[in-house]
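Visitor: Each chain, written out:
There are 2 protein chains.
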Amino acid sequence: MNPDATHSAVLIALDWGTSSLRAYRMGPDGRVLDTRHLPWGIMRLPAPSTDGPMPASAAVGFELAFEQACGDWLRAQPGLPVIACGMVGSAQGWAQAPYLDVPADPRGIGAQLAKVDTHRGAMLHIIPGLLQRQGLANVMRGEETQVVGLIDSEAGAGGTVDDDLLVGLPGTHCKWVRVRGGRIVEFDTFMTGEVYAALRGHTILGRTMKDPAAPDDAAFQRGLEVAGSALGQGGVLSTIFSTRALGLTGQLSAQAQPDYLSGLLIGHEAAALRALLDARGMPSRIVLCGDEDLCRRYASALPHFGLAAPTLAGLAAERGLWRLAVSAGLIRQP
Amino acid sequence: MNPDATHSAVLIALDWGTSSLRAYRMGPDGRVLDTRHLPWGIMRLPAPSTDGPMPASAAVGFELAFEQACGDWLRAQPGLPVIACGMVGSAQGWAQAPYLDVPADPRGIGAQLAKVDTHRGAMLHIIPGLLQRQGLANVMRGEETQVVGLIDSEAGAGGTVDDDLLVGLPGTHCKWVRVRGGRIVEFDTFMTGEVYAALRGHTILGRTMKDPAAPDDAAFQRGLEVAGSALGQGGVLSTIFSTRALGLTGQLSAQAQPDYLSGLLIGHEAAALRALLDARGMPSRIVLCGDEDLCRRYASALPHFGLAAPTLAGLAAERGLWRLAVSAGLIRQP
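Sequence lines, in order, name chains A and B.
Sequence positions in the first sequence follow numbering that gives the first Met the number 0 and run 0 to 333.
Sequence positions in the second sequence follow numbering that gives the first Met the number 0 and run 0 to 333.
Just chain A, same shape as in the assembly:
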């Protein structure tokens, strides 16, 4: 039986980041009918064949990836609206979507989509990023959609959204997003994930490391404890060298070093977050949203630094894409 006949879609939604592209074919009420995960992040788009039907322009890689992600869905249902979030809207993306200032709410974000006419005739709507001018400048692109999805889930589950929520989005760059009354009011960015990868791959710390057979929770906890104790007073630029020094002196095995370093970095992040929240006021609740293993690490770190144990939410991008498509009037809910 053809699923297109039984479940007619009303939206195609793309979560299009730096390193991958997720495509969702969505039915009424935002139910996901079909999902695709492609490796075509904006920094590694497919290369055109020299005799293909595509135009030879800077956009050709985007067109090819778009075709693979949802070309057949659009052929089956021409005219389906298409919405996207993430780095596809950055200066290095397909078309630049503006940054909106915080505070921002789902309605305001949905009202400012950028538009791209694709080669195959469909119109792609790109969700804007968010910009924080207050304090040190900060930007996000893609995470705003996850937070919108999370706000929507919370509202759907309990009927009301906590008045003062801190949403943590661990990843390459961990964003901590403050939500008050359903609006994104401020946020911080920690480059913890990308710094970890750079230290491991491109400094002397990686030289003595070996991959553990399984995550080494004890080594991770040891890293947290160093970051949170008087030993961590020299800060992250100093404590990370102990990964090597403890290894050289036989106090930390090669297999324990990766998770020890992870504990140090996430520990220093949690300590800094605690200091920021002490200055700004504690939220009523903390929610983590993202990769399961990473969320587990952060959930174990926060209480170590006197922060509330967080609740865990699944990935929320598809719900945010749906919610913003509705806000933007791309689909009419029954």
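Hints are computed from structural coordinates only; laboratory data are not their basis.
No experiment lies behind these values; they were computed from the predicted model shown.
Check before you lean on any hint, since a few could be wrong.
One copy or any two copies: either way a pair holds, since identical chains are not told apart in the list.
[Stated by the list, open to error] SDA-like mimics (lysine to any residue), calculated; alpha carbons at most 20 Å apart, straight line:
1. Lys114 to Pro80
2. Lys114 to Gly328
3. Lys209 to Gln91
4. Lys209 to Leu247
5. Lys114 to Ile330
6. Lys114 to Gly78
7. Lys114 to Pro309
8. Lys209 to Ala90
9. Lys114 to Gly60
10. Lys209 to Gly60
With chain A held as given, fit chain B onto it using these hints.
Guide: Coordinates of chain B only, in the frame set by chain A:
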């Protein structure tokens, strides 16, 4: 006129690190008669030719580099003593020299040289590294020789050494070494230089940067100020992202971003150093020793964080090598 005839050498000294090898031919009283700078750091040794006279062993790269550094000097004066400091004595080096525990003094260090019989018959003496067991484990290898050289210079200049000195050695890894009564009593390591290179070369921060025509002091100062202000409260994992965010929002040019990032990192290091010294007690004086541009950056950073303006010393490795060769009894001073 042959310089060998007029200036008979009494020591060959090698400063042999990860990325380069400096060789000194030294006359009586430690005068440098000749210097060579070769690219043969222990991580990039010369490759043997397949039909050469060298033995096919793991040591062959070291033998070849050694021959290029001082083979002719040893032919001209067979039996000259040879001393070396640095990573050549590490687990990845030619032969492992032990780590000595701090506190350590020049006499103690000079008494514990490791020995390598070289293929050409000369004996190479390698200076041990230092190990700190107290607190978080820490090690150094090569910097101890610079500090010994500096202690010797200070004693030579004023007749006495300050009772409580802090020696900063900026570089790939910046060491801060506490010297009391002419002994190395404790030290800290900040991976600032290597972290800077990894962030610039292997994270998204490098993507928006361009090399400035000349060091951008204003951008560096701006980085220092952020690290030292309430804006820096999120710590280095957070503030570094402002390099990108300020760039994306037109507030920091591509050419200003490298020095801004340098200011952030050195600023966070100086802030942490200040915290450590507040806990341990201030030294009577701070001396910086190393690359001129880096020392200038640190000298400008320290007072920004309430630390004393440092005095600057030149590179001191050759003086330390000389001093330790004397301590070890490798040469007899007249």
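Visitor: Output the indices of the hints that this structure fails to meet, ascending.
Guide: Of the numbered hints, 7 and 10 do not hold.
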